[in-house]
Amino acid sequence: MTAEITRINTAAESKLIELFGAAKGGVYSGASLDREAAFARFAKSGLPHRRIEAWHYTDLRSILRDAYAPTVAPTEDTVALARTRLAEMHVEGTRVVILDGYFQAELSSNLEQPGVSTRSLIDVLGGGPSGVIDRLAVSALEAQESVLSLNAAFMQGGAVVSVAPGAVVETPIELLFLTSGQRAGAVTTRSLVEVGSGASAIVVERHEALGSAPSQSNHALILSVYDKASLHHVTMSSGAEAATQTVASIIANLGADANLVSFALVTGFGFVRRQGFLTFNGAHAKGDLRGISLLDHQGHADTTLVVTHKATHCESRELFKHILDDEATGVFQGKVIVAPGAQKTDGKMMSRAIFLADGATMYNKPELEIFADDVVCGHGATAGFLNEEQLFYLRARGIPEKEAQALLLEAFAAEAIEGVGTDAIREVLTESVGRWLRQRQD
Amino acid sequence: MPAVQETVDRVKEIDVSEYKYGFITDIESDKAPKGLSEDIVRFISAKKNEPEWLTEWRLGAYRRWLTMREPDWARVDYPPIDYQNLYYYSAPKGTAGPKTLADVDPELLRTYEKLGIPLREQEVLAGVQERRVAVDAVFDSVSVATTFKDELAKAGVIFCPISEAVHSHPELVKHYLGSVVPTTDNYFATLNSAVFSDGSFVYIPPGVRCPMELSTYFRINEQNTGQFERTLIIADKGSYVSYLEGCTAPKRDENQLHAAVVELVTLDDAEIKYSTVQNWYPGDAEGKGGIYNFVTKRGDCRGKNSKISWTQVETGSAITWKYPSCILRGDNSRGEFYSIAISNGRQQVDSGTKMIHLGKNTTSRIISKGISAGHSQNTYRGLVSAHRKADNARNFTNCDSLLIGEHCGAHTVPYIEAKTSSAQFEHEATTSKISEDQMFYCRQRGLSDEEATALIVNGFVRDVLQQLPMEFAVEAQKLIAISLEGSVG
Chain H
1 MTAEITRINT
11 AAESKLIELF
21 GAAKGGVYSG
31 ASLDREAAFA
41 RFAKSGLPHR
51 RIEAWHYTDL
61 RSILRDAYAP
71 TVAPTEDTVA
81 LARTRLAEMH
91 VEGTRVVILD
101 GYFQAELSSN
111 LEQPGVSTRS
121 LIDVLGGGPS
131 GVIDRLAVSA
141 LEAQESVLSL
151 NAAFMQGGAV
161 VSVAPGAVVE
171 TPIELLFLTS
181 GQRAGAVTTR
191 SLVEVGSGAS
201 AIVVERHEAL
211 GSAPSQSNHA
221 LILSVYDKAS
231 LHHVTMSSGA
241 EAATQTVASI
251 IANLGADANL
261 VSFALVTGFG
271 FVRRQGFLTF
281 NGAHAKGDLR
291 GISLLDHQGH
301 ADTTLVVTHK
311 ATHCESRELF
321 KHILDDEATG
331 VFQGKVIVAP
341 GAQKTDGKMM
351 SRAIFLADGA
361 TMYNKPELEI
371 FADDVVCGHG
381 ATAGFLNEEQ
391 LFYLRARGIP
401 EKEAQALLLE
411 AFAAEAIEGV
421 GTDAIREVLT
431 ESVGRWLRQR
441 QD
Chain D
1 MPAVQETVDR
11 VKEIDVSEYK
21 YGFITDIESD
31 KAPKGLSEDI
41 VRFISAKKNE
51 PEWLTEWRLG
61 AYRRWLTMRE
71 PDWARVDYPP
81 IDYQNLYYYS
91 APKGTAGPKT
101 LADVDPELLR
111 TYEKLGIPLR
121 EQEVLAGVQE
131 RRVAVDAVFD
141 SVSVATTFKD
151 ELAKAGVIFC
161 PISEAVHSHP
171 ELVKHYLGSV
181 VPTTDNYFAT
191 LNSAVFSDGS
201 FVYIPPGVRC
211 PMELSTYFRI
221 NEQNTGQFER
231 TLIIADKGSY
241 VSYLEGCTAP
251 KRDENQLHAA
261 VVELVTLDDA
271 EIKYSTVQNW
281 YPGDAEGKGG
291 IYNFVTKRGD
301 CRGKNSKISW
311 TQVETGSAIT
321 WKYPSCILRG
331 DNSRGEFYSI
341 AISNGRQQVD
351 SGTKMIHLGK
361 NTTSRIISKG
371 ISAGHSQNTY
381 RGLVSAHRKA
391 DNARNFTNCD
401 SLLIGEHCGA
411 HTVPYIEAKT
421 SSAQFEHEAT
431 TSKISEDQMF
441 YCRQRGLSDE
451 EATALIVNGF
461 VRDVLQQLPM
471 EFAVEAQKLI
481 AISLEGSVG
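Sequences listed follow chains H and D, in order.
Numbered according to this note's numbering, the first sequence spans residues 1 to 442.
Numbered according to this note's numbering, the second sequence spans residues 1 to 489.
Isolated chain H (complex conformation):
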């Protein structure tokens, strides 16, 4: 009845086409992943927009007004900048440094250590093994998510971290993503962390900008946690946050009896879209996704999760907290899918938001899609102001309002940090939350 509407490319989309054309055969050649095909898929669907259900509240098509050119490979200057910063940082275990999207072996530490081996994404794509390349490709998901196609087309680098079966790696493995921030640019990375059967590891993903030039980044991280393995994954970012636009995808696959805890701290006033795809492939696995978003000014943070239970007896937990100040917007979308036959699934999802200012907005969309009867699944979502009575109680005891708020907010956020990583990591996270709250008071 209605004619097929031809999509007109936005400025950003046209720019991406142009940039891809220019980059072809350049830095990206030699990889076994078909970037052309990936880009063709992207070009067909374009940037995701509000008509696409998973992007309903984050219209990337209109948010992304311009597309930046990919950042250039590190130069002497940027490497020197990174070195200065690294000198201030303490390192114990494996640290992988990815500067402006490019894997930097010489800046990294302990790439090989007992039970852990780390390679550059580009090396793996060039030389295999093919099984790893297949896991890096995430082709099934890419078909629905054009940002992943874009990621495949433009990826500059990343790390492939393998934890050997049975290895127990106690020191956190750090993935440090630095951007030099000297010139506007786009960073695209893809990384894979594989935790072999029975192994256990902690991965800390840290993003830091060394300058204040605007940046766009598209990160993809694939986590494969094999049978009886355990992985804690923590993401945090710090540094200049002025004009950052970030899309980060986490694709996690769990084997039988596997255990995953993944936590993300988002602060500031940039644009962040974090999407997580967690799939339970083996029975009796546990997955726990958490997050805290502390947003102010016109910050926009979107967390979208798709948790798919394909095996029986698995347990999924999601807990996300938003604290929204000024005119910030928080989005939480979480879909729990229980496939036919995934009996005895136990799923709980909770999203809580607290408003600190009148202009703030929160969109919650927790979803359940259940095709098996013997399950216990639930979700909850709340949004509101701080509890007046609690505030009153504290103020009656002489605590100034802002401080009282901070106390309550800290307690509100703390729940999501419980049980994540190590004591040291939890301390860092608690401190980051505290810093944000204090900065608010000033």
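No wet-lab data here; the hints were simulated from the structure.
A few of these clues could be false.
Stated by the list, open to error - Here are some, though not all, of the chain H residues that point toward chain D, as calculated from beta-carbon distances under 10 Å:
id	residue
1	Asp358
2	Pro366
3	Leu368
4	Ala372
5	Val375
6	Ala383
7	Tyr393
8	Phe412
For each residue, glycine too, the CB sits at the ideal point set by N, CA and C.
Chain D: place on chain H using the hints.
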């Protein structure tokens, strides 16, 4: 094993394909030719002797409809509908404005008899007047009997077919029609605006508490007839009305399309309570046949302190696509939605509500209970939103799903949008099956599996049943048991 055989027989007896209300009444009817075009729209309008503005209104909607696309976001699956292969107008013959019951075709009365009408509308129709339920019976597309009109008129209440209201109260109809659900609203509502056949019109004057519960009886009868009801209820300042809507439909092999529109308007301090029991033919065990129920229901709390409450018990239809909503425009207004949606066999339900908070201090409450059995899919889809100026908006949502059997699906898709910091929204949803412990407890006390299930389910939906008017509650409880029989054992 006689016990097993008994169960088998019992299940067979109440198998969905043996739809209790499946029969066809033979009365001559007056039909427009198949298909849809501007001419058909004009034909319908002319048949009803409508004023020029309404004809234009319909045509406008029709032209708009041509540019629209059928929505595909709902979790329902059905073969494409050939809109040109439907009749858009069918009226039982010789019913041009019956004034008394004697004018009503006796065949119709027998139809009601066969239905075993729960509300005793049948008695009302037969002249038993002690029941205080007024019925505007809709048989296919034209209202054929309206009772209690005089008594209602004494109170100043207008309760008549909308086609009549167009002539008797044109200013009211013109002012309110399409003001809640505009002709451009959505595919099915727009289609309805173009071809709506008839429906009820209710106006409660200021300060009047409607002396009785109003009820409409829908029934799709003629083969291949889409039924396009249009209901408009206006509660003027300080008034109150409770409106009941109940449905059964005869058995068909071909799917029948039903795209109704219900518009409610409450002005200052007014309240409308709208209750529905929907039990249309759900199709046979393979999902063949059955009604497509694509309904747009919306209430507009236009005045201060006004209230709209939707209560629904959905057990029938092959496909249900229905989101009774409240626009909470007036300050301190309140919206409520209580729903039981039961799906069995191959039924597909995608239902929920929208609570749109615009005014200050508005509150809303959503209690939704979904029960899926057999091979059915049951989705709750709802929106709660508070706009910038909706200070102190409050919402509480609770949607629980119960799964019976391993081939069904239960889904929950809530959208919760808070754009003001003083909003307080709470949402909770759970999905589970009847626990073994509960079943064991009941069985131990000598209940059969089916009795135990019915008991537990009735407990599960109790919160909603309590909201129904007395007559409906009894009927609804029966319906729930009937709908679920055969799903266990």
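Now for the hints, and whether the structure bears them out:
no.	hint	verdict
1	Asp358	5 Å, holds
2	Pro366	7 Å, holds
3	Leu368	4 Å, holds
4	Ala372	6 Å, holds
5	Val375	6 Å, holds
6	Ala383	4 Å, holds
7	Tyr393	19 Å, violated
8	Phe412	15 Å, violated
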